[in-house]
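S.K.: Take these sequences, add in the hints, and give me the full structure.
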Amino acid sequence: MYFLQMSGFPGSGKSTLSRRIAAMTGALIIDHDVSKTALLKASEGEGIELRTLGRLSYTVDWALVEFYLSQGYDVIFDSPCLYSEMIENGMNLAEKYGATYKYVECLFHDFNEINRRLRTRQRMISQISETAEADFIAAIQDSKRPPSHIKSLVVNSSQPLDSYIQDVLDYIRE
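FYI, UniProt numbering numbers position 168 of the sequence shown as 168, with every residue one higher than the one before it.
In case anyone wonders, no lab produced these hints; they're calculated from the structure. Keep in mind that a hint or two might mislead.
[As the list claims (entries may be wrong)] Quick list of the computed label-pair ranges, beta carbon to beta carbon:
| no. | residue 1 | residue 2 | range |
| --- | --- | --- | --- |
| 1 | Leu169 | Ile137 | 26 to 32 Å |
| 2 | Met1 | Val154 | 31 to 37 Å |
| 3 | Pro160 | Asp135 | 23 to 29 Å |
| 4 | Ala138 | Arg55 | 16 to 22 Å |
| 5 | Asp170 | Glu85 | 24 to 30 Å |
| 6 | Gln141 | Arg51 | 19 to 25 Å |
| 7 | Glu133 | Arg173 | 34 to 40 Å |
| 8 | Ser148 | Met1 | 33 to 39 Å |
| 9 | Ala42 | Glu95 | 29 to 35 Å |
| 10 | Glu44 | Asn112 | 30 to 36 Å |
Note that the coordinates shown come from a computational prediction; the quantities given were computed from them, not determined experimentally. Beta carbons: idealized from backbone N, C-alpha and C, even for Gly.
M.R.: What follows is the structure in structure tokens.
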């Protein structure tokens with residue numbers, strides 16, 4: 001059993017990769033955008049701050065991750081890794097339920113292509129439609145990663161998915 005924590009800037013290919021992994025392995029995906037969008041829809045007109053909704057959606061996400069790990073499922077958490085507690089939570093839950101902790105970061109350095117992807121994708125209401133270059137660079141630099149003793153995988157998601165999917169599957173199976 002494994003817990004796979006995805007990381008990467010919005011539009012970098014996390015969800016595409018997560019879905020392919022799930023289709024090939026049977027893992028369950030907890031998609032942060034789905035829970036945040038559901039909370040946004042449910043709270044429309046309630047005056048709840050976006051930051052509060054984000055925190056609430058992460059609480060729901062982690063509860064689902066824990067539930068499915070406790071049931072013995074392989075779980076993929078599809079979310080940017082912007083906070084150090086994300087790594088801590090993931091590692092702690094994996095250890096608690098005897099799952100192997102895995103971390104895959106989708107790196108895509110082409111700001112213009114990221115913005116094109118963000119503008120043209122069919123997006124949920126919780127997803128951004130564009131970004132400023134300074135925010136893009138800062139988010140990549142500030143992305144949280146596991147401690148160096150934890151093996152992780154970084155993929156160049158500007159390349160076709162088929163060029164690195166086998167590397168990801170091999171890493172997950174280690």
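S.K.: With reference to the structure, classify each hint as holding or not holding.
M.R.: Checked hints:
no.: 1; hint: Leu169 - Ile137: 26 to 32 Å; result: holds, 30 Å
no.: 2; hint: Met1 - Val154: 31 to 37 Å; result: violated, 23 Å
no.: 3; hint: Pro160 - Asp135: 23 to 29 Å; result: holds, 27 Å
no.: 4; hint: Ala138 - Arg55: 16 to 22 Å; result: holds, 20 Å
no.: 5; hint: Asp170 - Glu85: 24 to 30 Å; result: holds, 29 Å
no.: 6; hint: Gln141 - Arg51: 19 to 25 Å; result: holds, 21 Å
no.: 7; hint: Glu133 - Arg173: 34 to 40 Å; result: holds, 37 Å
no.: 8; hint: Ser148 - Met1: 33 to 39 Å; result: violated, 24 Å
no.: 9; hint: Ala42 - Glu95: 29 to 35 Å; result: holds, 33 Å
no.: 10; hint: Glu44 - Asn112: 30 to 36 Å; result: holds, 33 Å
Of the numbered hints stated above, those contradicted by the structure are hints 2, 8, listed in ascending order.
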